[in-house]
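Enquirer: Listed in order, the protein sequences are those of chains A and B.
Residues in the first sequence are numbered from 251 upward in steps of one, following my numbering.
Residues in the second sequence are numbered from 251 upward in steps of one, following my numbering.
In this list, chains with the same sequence are indistinguishable; a pair is considered to hold if it fits within one copy or across any two.
Below, computed lysine-lysine pairings styled on DSBU-like, alpha-carbon distance capped at 30 Å: (1) 562 with 475; (2) 475 with 428; (3) 342 with 428; (4) 475 with 342; (5) 562 with 585; (6) 668 with 633; (7) 562 with 342; (8) 475 with 585; (9) 585 with 428; (10) 304 with 277; (11) 377 with 634; (12) 634 with 668; (13) 277 with 342; (14) 428 with 377.
These are calculated hints, taken from the structure and not from any lab test.
Note that the coordinates shown come from a computational prediction; the quantities given were computed from them, not determined experimentally.
There are 2 protein chains.
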Amino acid sequence: MAQGQGDYRILHEAALRDYLAGLPELKAVLGGEPARWTITEVGDGNLNLVFIVKGASGGVAVKQALPYVRLVGESWPLPLSRAHHEYLALSKQAQLAPGLVPALLHHNESLALTVMELLEPHIIMRKGLVAATQYPGFVGDISTFMARTLFFTSDLALTAAEKKEGIAAFAGNHALCKITEDLIFTDPYRIAEQNRWTAPYLDALAASLRDDMELHVAISRLKLKFMASPEALLHGDLHTGSIMVTDSQTRVIDPEFAFYGPMGFDVGAVLANLLMAYFASSGHERAPGGRAAFEAWVLETVEQVWNEFSRKFLDLWRAGAAGDAYPVSLFASEKGAARLEVERQTYMQRLFTDAVGFAAAKITRRIFGLAHNIDFELIEDSKKRAISEARAVRLARAMMVETGAFRTIADVTGAARKLRVWRPELSS
Amino acid sequence: MAQGQGDYRILHEAALRDYLAGLPELKAVLGGEPARWTITEVGDGNLNLVFIVKGASGGVAVKQALPYVRLVGESWPLPLSRAHHEYLALSKQAQLAPGLVPALLHHNESLALTVMELLEPHIIMRKGLVAATQYPGFVGDISTFMARTLFFTSDLALTAAEKKEGIAAFAGNHALCKITEDLIFTDPYRIAEQNRWTAPYLDALAASLRDDMELHVAISRLKLKFMASPEALLHGDLHTGSIMVTDSQTRVIDPEFAFYGPMGFDVGAVLANLLMAYFASSGHERAPGGRAAFEAWVLETVEQVWNEFSRKFLDLWRAGAAGDAYPVSLFASEKGAARLEVERQTYMQRLFTDAVGFAAAKITRRIFGLAHNIDFELIEDSKKRAISEARAVRLARAMMVETGAFRTIADVTGAARKLRVWRPELSS
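Whenever a hint applies, use it, and build me the whole structure from the sequences.
Expert: Shown next as C-alpha cells:
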C-alpha cells in the first residue's frame with residue numbers, strides 16, 4: 251500500500267512494467283522476469299485505463315484513472331481524485347464484505363493507480379446474462395454485499411460523528427456524482443445532445459418522456475434524494491457490468507462513483523439491471539420460449555435479491571445496532587422491542603419504495619440516455635430491440651410515477667411478467 | 251479579520267485588553283485609552299465566555315469558546331473548533347441576510363475568539379416575551395432570515411458540488427450536533443442523570459414519556475432526519491434566546507450549532523419557542539386575562555412566521571432556482587411551470603410537517619431535559635409552572651405523534667388556544 255510521491259503521468263506498457271517491477275510485493279506475485287510479463291490493455295469501461303499483467307507465477311489487474319472521460323475524450327475532464335475515492339470505498343467494502351470484492355494489492359494516489367487481484371476466470375455478469383447463464387450463487391452474494399456495506403455505513407451502525415466523517419471523506423467525489431445527476435436524473439427527460447435511443451421506433455416514446463410532467467416531478471424527487479440523503483456509503487454504480495462472476499463466485503468491482511447517498515440507489519441498480527436482462531431476453535431468443543428457464547430465473551432472482559437483502563439487513567439491525575439512530579435505550583422494554591420491530595418494517599418499506607423509484611430511473615437512462623448496455627444493444631434487429639426497450643420503459647414509468655402501487659417485489663415481477671407479452675406501438 | 255498564530259489561551263480581562271489594543275481596527279472602534287476601556291463578562295449561555303468592551307467612542311462584544319461546556323465544567327469537553335464553525339456560519343448569514351446578524355469585526359481561529367458589533371440597546375427576545383412585550387417587526391425579520399439562509403444554502407440554489415463542499419465544511423462540528431442529538435432527541439425519553447422537570451407535579455408525565463413507544467418512534471425518526479438530511483445550512487439553535495431585539499430590530503446571534511441539516515429544525519425552533527412563550531404566559535399574569543393581548547399577538551406571530559417564511563421561500567424559488575434540484579430545463583413549458591408550482595406546494599407541506607415535528611421535540615426537551623428556559627423557569631409558583639408546561643407538552647405530543655393532523659399552521663395555533671384552558675392532572 252505504499253504511496254508514490256511522483257506527479258501524475260499515464261503509465262503505458264513500458265512505464266507500467268518498470269513501475270510494477272519496482273514494487274517487491276507485486277514483483278513476487280507476478281514472478282519471473284519483468285521483461286517477460288505480458289501486459290494487455292482491456293479497459294472497456296467509459297473512464298479508465300485497465301491493464302491485465304501476467305507473469306510466470308500470477309497475474310494482477312491495474313486500473314489507472316485518466317484526467318478525462320475516456321469514452322468522450324479530453325473535452326470532458328474528470329478529476330483523478332476519483333481513483334482515491336474508489337480506493338477508499340474498495341477498502342471499506344473489503345472490510346465489510348470480505349471475499350466479495352477483488353483483493354487490493356497496491357494504491358498510488360498521485361498516479362491515480364490501483365493494483366488488484368486478477369479475477370480469473372470471472373466474466374462481467376452482464377455478458378453472462380446476455381448468454382442466458384444462470385448464477386445460482388448471485389442472490390446470496392449480492393444481498394450480503396448490499397446488506398453489509400449499507401447497514402454498517404448507516405446511522406444504524408455508526409455514531410453521528412463517524413457518519414459525518416465518512417460523508418466528508420467522500421464529498422470530494424462530487425464530479426462523479428454529477429455524472430449520475432446529469433445522465434440518469436436529468437438528460438433522458440429533456441433534449442440533450444448525448445441522448446440516443448433506438449430510432450425511429452422509440453421516437454414517440456422519447457418525445458413523450460420529455461413531455462411527461464408527472465415523470466419530471468418523479469425524477470426530480472429522486473434526484474434530490476440522490477443529492478441530499480447521505481444514508482450510507484454506496485457503491486454508486488452497482489449494475490451488472492460492475493459485477494464479475496463465475497458459476498460460484500461474485501465480485502463487485504469499480505466503486506469509483508462511491509459516496510454517501512440513499513441506499514435505494516444501490517439496491518435499485520441491481521434490480522433494474524436484472525429487469526433489463528429480463529426484458530432484453532426475448533430479443534435474444536432463437537426460438538419462442540427458448541430462454542424461458544433463464545427468464546424465470548431472472549425474475550425469481552429479482553424477488554430474492556430484495557427479499558434476501560431485506561432479511562439480512564434486518565438481521566444485522568436486530569443483532570445489534572450500535573449507531574446513533576433508533577437508540578437501543580429507547581426500545582429496551584418488551585413493548586419497545588415490539589414497537590421497534592414494526593418500525594423496522596416501516597423503514598424497509600420506505601427503502602423498498604426508494605429502490606423501486608431508483609430502479610426505474612436506471613432503466614430509463616439506459617434506453618434514452620448516453621450510456622446504453624449490451625443487454626439491449628446486442629439485439630441486432632432494431633425493431634425487436636425497440637420492443638424489449640418499450641416494455642422496460644413502460645414498467646419503469648409505472649414504477650417511477652405510481653411507486654405506491656408497488657408494495658412488494660412480487661408486484662414488480664408480476665408487472666414485468668405481464669409486459670413480456672405486451673405489444674407496444676412503435677414509431678416508424 | 252486577521253488570524254492570530256498563537257496557541258489557544260483563555261483571555262481574561264487584562265489579556266483581552268492587550269489583545270484588542272493590538273488590533274488597530276478595533277482600537278479605532280473602541281476609541282480612547284485602552285486602559286480606560288471597561289470590560290464586563292456577561293456570558294449567560296451555557297458554553298462560552300462573552301465580554302462587553304466599551305471605550306470612549308464605541309463598544310464591541312467578544313465571544314471566546316472554552317474547551318468545555320461552561321454550564322457543566324471541564325468534565326464535559328467540547329472542541330474549540332466550534333468557534334470557527336460559528337464564524338463561518340455568521341459570515342454566510344451576514345452575506346445572505348444582511349442586517350439580521352451582528353457585524354463581524356474580527357475572528358481568531360487559534361484563540362476560538364470572535365469580535366462582533368455590540369448590540370445596544372437590544373435585549374434577548376425571550377426576556378421581552380416573559381415581560382409580555384410585542385415585537386411587530388419580528389415576523390418580517392425572522393421569516394426573511396430563515397427563508398434566505400435556508401433557500402440559498404439548499405439544493406434549490408446550489409450546485410450539488412457547492413452543496414457537498416458546504417456539508418464537508420461543517421461536518422467537523424459534530425460535537426455540537428451530538429449535544430442536540432442527546433439532549434433533544436434522546437434523553438427526555440429515557441432515564442438520564444441530567445434530566446429535570448417540575449417535580450413532583452410532572453412526575454407522572456415524565457414517566458409517561460419514557461413509556462410512550464409511539465413517541466419514541468416519532469422522536470427517533472426526527473433524530474434520524476436531523477442526522478442524515480443535510481438540506482441546508484442551519485443556524486442549529488434558533489430559539490428566542492438566540493435572538494436579540496429592540497422595538498424595531500432583530501438580530502440572530504450564536505450560530506455555533508450550525509451544520510447542514512433539515513430546514514424544519516430551524517423553523518420548528520422558532521415556532522416552538524413562541525408556543526412556549528404562549529403557554530408560559532398564563533403563569534406570568536397578575537390578573538386573569540392580563541396578558542390576553544400579548545397572547546393573541548404570540549399566536550398570530552406563530553401563524554405569520556410560518557406563512558411569511560413559506561411565502562418568501564417560495565418567492566425565492568419562483569424567482570430563480572440556480573441549484574441542481576428541480577432543474578429549470580425539465581419544467582420550461584407552460585404545463586411544466588404549472589406542475590412545478592404544485593410540486594412546490596408539496597415541498598412546503600413536507601417542510602411544514604418536519605417543522606411541526608421538530609417544534610414538538612424542542613418543546614419537550616425544555617420541560618424534561620437538561621436545558622430549561624426562563625419562559626417557564628421564571629414562573630415562581632411551581633404548580634402554575636407545571637400547568638403551563640403540561641399544556642405545552644400535551645400539544646407537543648400530538649404534534650410529534652399525530653403530525654398528519656396538523657395540516658396548516660392554524661391547526662397548531664387552534665390546538666394551542668384550546669389547551670390554554672385545559673386543566674391537566676398533576677402528580678402530587
